[in-house]
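Use these hints to put chain B onto chain A, whose structure you have.
Protein sequence lines, in the order shown, are assigned to chains A and B. Sequence positions in the first sequence follow this note's numbering and run 44 to 359. Sequence positions in the second sequence follow this note's numbering and run 410 to 672.
Check each hint, because a few of them may be wrong.
[What the hints assert, rightly or not] Mimicking PhoX-like on lysine-lysine, the simulated pairs with C-alpha atoms at most 25 Å apart in a straight line are: (1) B/LYS464 - B/LYS611; (2) B/LYS575 - A/LYS137; (3) B/LYS645 - A/LYS300; (4) A/LYS355 - A/LYS300; (5) B/LYS575 - A/LYS231; (6) B/LYS575 - A/LYS254; (7) A/LYS355 - A/LYS254; (8) A/LYS328 - B/LYS645; (9) A/LYS355 - A/LYS253; (10) A/LYS265 - A/LYS253; (11) A/LYS240 - B/LYS575; (12) B/LYS645 - A/LYS321.
Simulated from the structure, these hints should not be mistaken for lab results.
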Amino acid sequence: MTGEVIACYSEELTVAEELVRLARSLAVDEASRVRAIVLPGAPPEAGDRLVAAGAHAVDTVSGPASSDPHVTAEALRAVIAELSATIVLLGSTKRGREVAGRLAGTLDLPAATGVNALRIEADGIRVDREALSGNAVAVERIARRPGIVAVMPGTTAPAPSITAGAERRQHTAPSSPALTELVEVRVKAGGQLEIEKADRIVTIGRGLKKKEDLGIIESLAKALGAEVGCTRPLAAEAGWLTDDHWIGLTGHRVHPKLYVAVGVSGAVQHLVGMRSSKVVVAINKDPNAPIFIQADYRITGDLYQLVPAITKAFGG
Amino acid sequence: MVEKLRIWVAVKHGIDVNLTRADRASGLVRLDSAPRKTSDFDKNAVEEAVRIREKHGGSVTAISVGGPAAREALREAVAIGADEAVLVTAEEWALWDTRAVARLLGAASRTLGGFDLFLVGEGSTDHFAGLVGPRLAGELGCADVAYARHLTVEPTGVLAEKDLEKEVEVVRARFPVVVSVGQEINTPRLPTFMANLKASKKEIRVLSPTQLGVAPDALTPSVVIERVSVPEIPRKQLTISGASPDEVATRLREALRGEGVVP
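With the rest of the complex left out, here is chain B:
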């Protein structure tokens, strides 16, 4: 058994897709001014990290790569139970792609003593590329398990249920391992008032890529988001009502027959 389990968890302060609206005329979404929040699956990752520490001991370090506002996501992680919080930021953070993020996560964990288990969400709510976890593992040459819906920590590694489209694979991997988790793995706790208060006072360690030994060149975007738009799907939005359910049903039947979509 590793003596003191070093658990890391990545949290993204991503775009809040439920509050983001496209510009009416152009259909374009302005990403720089969009409202942000902690990415959904990342909360599952934090919850899982904290549960593992509660059972096996060790420490949980939450890390975010992003802008100054990502402190919010880190405070949330601390409120759920993370012990330490690290923000990696620089002026050009908004241009960083999944390559840059994975590289900075790897560099930060290396600089700050390494990890046994690195948890990430299986995809971010806004971008949903699902690349950061496997990318980090590929870069470090360690094992990765994606789409974990159940995770057990063993003396020298993890046993995970990997949730694929048609089957579930039960796989075992040795430390160090990167595990990406989905929403099914747990239900994140709602932090108490006291936990939130304590988290608001928690000191967040801020590091720059340079401090992590990552040259700016290594972060030059290899994938550039050029535009994001919401395609308009015209819907008729006709209301069908009637004096009784039967009348509504009859009107719906006529409408759908008119559309030619029912037998």
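Isolated chain A, as found in the complex:
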């Protein structure tokens, strides 16, 4: 298809930049345009940064800022219609997926979320997305335009050439009342750790008997120069560690050089979070634990004996 108009939006500016670079890397013709949408509440430098990421044009919507998904979807709807967008790229963040669904429902458009790659082909847009709790890759074809594609944060694409004198267009937000009222925002405790960026991770699972024992895991992590990760039960159920340590389908996806899984059984929903690790060590007392299938080095035994010994071996 010639003359694609690819509209990119994410509430996270870094993700929006990734979307713009990705859009520019798609095989499209000279007539195609990558347009970045900036909604009220974005930082003042958003437009410049999106041009620097490669946007041909920036569409800035003015109006009151809102976290209501309906207000966001309505603002996007108006701009998408005005631009005659053929593809709408959103970030596959939690907010991004919600807005993707809302927009798709309002406009009766096809949508795909959790997308890692997309290709524009003669018979539609093909996307690679996670399936089966993230352990499989599904190839899906979006048969109609415009298609809404929510792309996983962290997607990389080569830096494109910058458009000199990129177009800047102003839009006014439609006056859509919010359907939800924001009562309070609570910033999550912890939340400072960016475990996605860690080179080495020591992850602890339900093999740990009590919270006080976290010390031996922290010592091992320190000796290895690693961050501490955990499985869902330790963060979401026991609350022993904050959510920023949580690795898995509904937690964080990591890709370190070294991943040491201690007392982690290896549920499918955890494996999706760590399968991109380069070298995996698993320590578990159960020789049949599924984590061992994903391990390069398998150690069967009691973590309470092994972890201090390994810490010592690394000078801790």
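Showing chain B alone in chain A's frame:
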């Protein structure tokens, strides 16, 4: 306060990801013959619906859009405590995408008297698109709250804690509202033997898209799943053992130094 709270909850009879294996040679997963079960978060949605009814009264209607085997998911919902069970099905159900599912959920609730609160799981265990709840709300033009980890019913709507990556938003929405819930909202009860027995006898209302006034054209897939494969990540699967923990530790250290992944 609404007089009699009409609670709807959607359940998907999805692919059991823990039992699904890819074909060894091709790496492909055959979706049509894969084992199925009730999607995990949908059980949380049913549990939440039943708890709300136990506290505030009203009725819980469980609905599934899918094949004949989806009756299993509905029976499970009834065993947890749903009052009514509705199956929307047709021969081509396996082709239905999130658009078709959201449209059929909306049409069924409209046909059967509407809802005040529609609960869904925030994503299905197999597809995990997270689209159906917001899509349904967008189509109906009503409020939606996704990723709820705590829900309180108030006289004219709900107060929900919306669990985002870095913050929790407390939001209020008026009825009718679609709320998608995560695993953190509750622990679904294990139905008793008697509850299961009773659920097995519960009549399930079966409806076709035509009966709901949805033309087949409106269900034509807009997104087509072409192939699903499990990428092979080669792992060495080497066992490290030794006479003592210290010996194991030393061997591991040498192996990891050899890999160049430790300082």
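Do the hints match the structure? See the list:
| no. | hint | result |
| --- | --- | --- |
| 1 | B/LYS464 - B/LYS611 | 23 Å, holds |
| 2 | B/LYS575 - A/LYS137 | 10 Å, holds |
| 3 | B/LYS645 - A/LYS300 | 15 Å, holds |
| 4 | A/LYS355 - A/LYS300 | 21 Å, holds |
| 5 | B/LYS575 - A/LYS231 | 6 Å, holds |
| 6 | B/LYS575 - A/LYS254 | 23 Å, holds |
| 7 | A/LYS355 - A/LYS254 | 22 Å, holds |
| 8 | A/LYS328 - B/LYS645 | 19 Å, holds |
| 9 | A/LYS355 - A/LYS253 | 22 Å, holds |
| 10 | A/LYS265 - A/LYS253 | 20 Å, holds |
| 11 | A/LYS240 - B/LYS575 | 16 Å, holds |
| 12 | B/LYS645 - A/LYS321 | 11 Å, holds |
The structure meets every hint from the earlier list without exception.
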